[in-house]
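Chains A and B, in that order, give the protein sequences. Every number in this note's numbering is 1233 more than the matching position in the first sequence, counting from 1. Every number in this note's numbering is 1233 more than the matching position in the second sequence, counting from 1.
A couple of the hints might just be wrong.
You can't tell identical chains apart in this list, so a pair holds if it fits in one copy or across any two.
Said to hold, decoys possible - In silico EDC-like pairs for lysine to aspartate or glutamate, Cα to Cα no more than 20 Å straight-line:
1. K1324 / E1420
2. K1647 / D1316
3. K1428 / E1388
4. K1324 / E1578
5. K1324 / D1303
6. K1324 / D1458
7. K1248 / D1283
To be clear, the hints were calculated from the coordinates, so they are not data collected in a lab.
In case you want the letters, here they are:
Protein chains: 2
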Amino acid sequence: MRMTDIDTLLEELRKALINDDWKSAVDLVEALRPPDQAELFNELPEALQDALLERLNPEDSADIMEELDDEDAAELAQRMDSDELARILNKMEPDEAADLLGDIPTAQVNRALLSIEDAAEILPLLEYHDDSAGGLMTSADVVLRQDITARQALEHLRTVAPDAETVYYLFVVDDDVRLVGVVSLRELVLCPPEKPIQTVMDHDAITILVEADQEEAARLMARYDLLALPVVDAQNHLLGVITHDDLVEVLEVEATEDIYRLGGVTQDQPVDTGIGTTLRSRVPWLVLNLGTAMISAFVLSIFRDTIAQFAILAVFFPIVAGVSGSAGTQTLTVTVRGMALGLVELRDGLSTLFREGIIGLSNGIVIGAIVALVALVWQSNPILGLVVGAATFLNLICAGVAGVLVPLGMSVLKIDPALASPVLVTTITDTFGYFFYLGFATLTLVYLL
Amino acid sequence: MRMTDIDTLLEELRKALINDDWKSAVDLVEALRPPDQAELFNELPEALQDALLERLNPEDSADIMEELDDEDAAELAQRMDSDELARILNKMEPDEAADLLGDIPTAQVNRALLSIEDAAEILPLLEYHDDSAGGLMTSADVVLRQDITARQALEHLRTVAPDAETVYYLFVVDDDVRLVGVVSLRELVLCPPEKPIQTVMDHDAITILVEADQEEAARLMARYDLLALPVVDAQNHLLGVITHDDLVEVLEVEATEDIYRLGGVTQDQPVDTGIGTTLRSRVPWLVLNLGTAMISAFVLSIFRDTIAQFAILAVFFPIVAGVSGSAGTQTLTVTVRGMALGLVELRDGLSTLFREGIIGLSNGIVIGAIVALVALVWQSNPILGLVVGAATFLNLICAGVAGVLVPLGMSVLKIDPALASPVLVTTITDTFGYFFYLGFATLTLVYLL
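Bound-form chain A, shown alone (with noise of 0.2 Å):
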């Protein structure tokens, strides 16, 4: 939906709503899909919010919570009473049922599940934590027994008649609930309808266990191409099921998390939360990056009297250093992508370094030469233009092995490699640059002046 009609909309919306014309408002909303409800709802103040939702038909609210953001949804939910709260709680997904209670507080929760029909349903999603497998699944809706046909499936699929999308894949167990078979709604449909499903089924399903992390499932399912993933205990009993739309729920969430981490941010939601909980995750890592910049700063007061002697040195900081750091964080950025999406594997380690000590090494022919030239014409002094282009080039060589090493390394210790960040490698180009640079110039300070 594009922001033209969702203004539009909203337009209409308030129109109706100003009139106390509930009737229109709520049948301008029950005609949206859910994402467009959920978008023109959050743009209504708390009071009309609160007056919609008891007035939309409770397929519609639990809709619009279920595409809320979970704080959002939380607050809306602590602002209705328990029937009220129960009766859009038995139209939602049980798994976002169960997301939903573990954010209120637990006497709202102890309330609410005496009215819901399907507590027996969402009670054992409440045990999980949220980042595991178990935390993403739903329960799994259609589960057959072994000893039927596909006829007699699709007759349990119709007495069933699930709403939701999750039928796609049909699960078999056994006399225990314990998985032996997954069988697709494809199949089911297009095999000869007295065929025992036995002969239909995938033996050898691919499961995850419900203590596994959610990266883990959606690595799977992105991998085998699965519309949904069944969720088991060691032993096998199927426990529930993770949908696609969880899938790519867990990629954008995976991707925000590691574009976060290299920009030296530790929040993982990119919601808007408090600015205290924003400083809490943001200074921690501006004070590491003041202890790193220390180093640097150590390695400049060792060379003060060089500085001293030649201040248009320090001129050219920004440009021995800067480049350098751009590089290497060029370099880190390549790797720790690769290493997240499984194409660069620590055996890869030795060939990934040689290629980015080549590029290094390319990169400093080229920008040595050029920054030589510039210092050259510049402060028109040739000794000058050497040191700061040989600097730059052995700098640019620094930077390609450390954009490789630094991550490798924080994978051979069990750190995630996107919290390597560029930050830690550009403390290493900074203070190689100033020691390279300040090095030669004080080796050839004689020439230079």
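With the hints as your guide, set chain B onto chain A.
This is chain B only, laid out in the frame that chain A set:
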């Protein structure tokens, strides 16, 4: 599939191949799932790859070709004779076949097309740009006329018996192949058999224009949680369908692109491109960075007399410039990602600016005080502490403002905000940092010495 499994399988496969035991080798590969087949296949030398591919049944060969990187698949295809290539192309998904044909020489394409059964399905797909919705789509396997019942639709489905998982949405067209509705396989199975599909289908299906950007297609599918998205022309003729596996691929490619751009890398594929290509994608960025570093160098050259008189000032350059550079990068990262996910729009500019300004102010108070203390204690010079602290304080506010204004400005100019990249923001924080710091130092020089 875990690394150890692949290694074990590779060992077994190598043993079979050394003993010329093709039957075991073929059995081993054919028992695996396509992504695992491709991973194993990738580890073999070229000659063995060619020999193995000939001996596998064409379905498995096709699966492997689909899973390989585009470049690897094209190289392999170019080593095949046209019969062998056609044999494999016949079993590939039309969109994958079209992608492959787009990467090999025209003469070979023409020869292969003569022996391909589905040439009529593949040819139209060759027309569209790789990054467009048309480049992503495959042909719609099952198309229904609008005057049939659910039972007739299921019968038609059984006749076509598509082996792809594209059947979960069925497309309903009029006599002129214009899309009039979409019905999900779930609805078709669950509704009474004699119900006309016109009363079951969604008349207002979400579609995408064939020339739209692939990212727009991915956004639509992610937002509305679609398993497939019909691709149409301006007259609403159904041209093809984008399936959910493409969605996952596009989301990963787009995240990679954003991560790379933020890291100053303009290459668009996370694959091992040649060193020459890599250099061409990275060096221009470093030259741009060199240009912006010149601005900071120019500011420093203005103050060279101050530096000459009090060289200790240079020791604190990395601290004043570096910490603010990191803070600016943090703000930039959050803003750019927020814009990519649609959470920050242009109209939120002022509130985002205010928010990040407050964060910059708070950072400035905390970090400025620490920096002042460090300078005071290290150099036993209270005036120097004051100068360093005040410059850091002001520069951190600058960093917050620049981190918001640079990407928003890029967006107004219709440039991808991710291209703003830390390079531009750190240029601003470097330049302002040196200016504040050396400006204050020049004004207080008599007290500093």
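Mind listing which of the numbered hints don't hold for this structure, in increasing order? As far as the earlier hints go, 2, 4 are violated by this structure, in ascending order.
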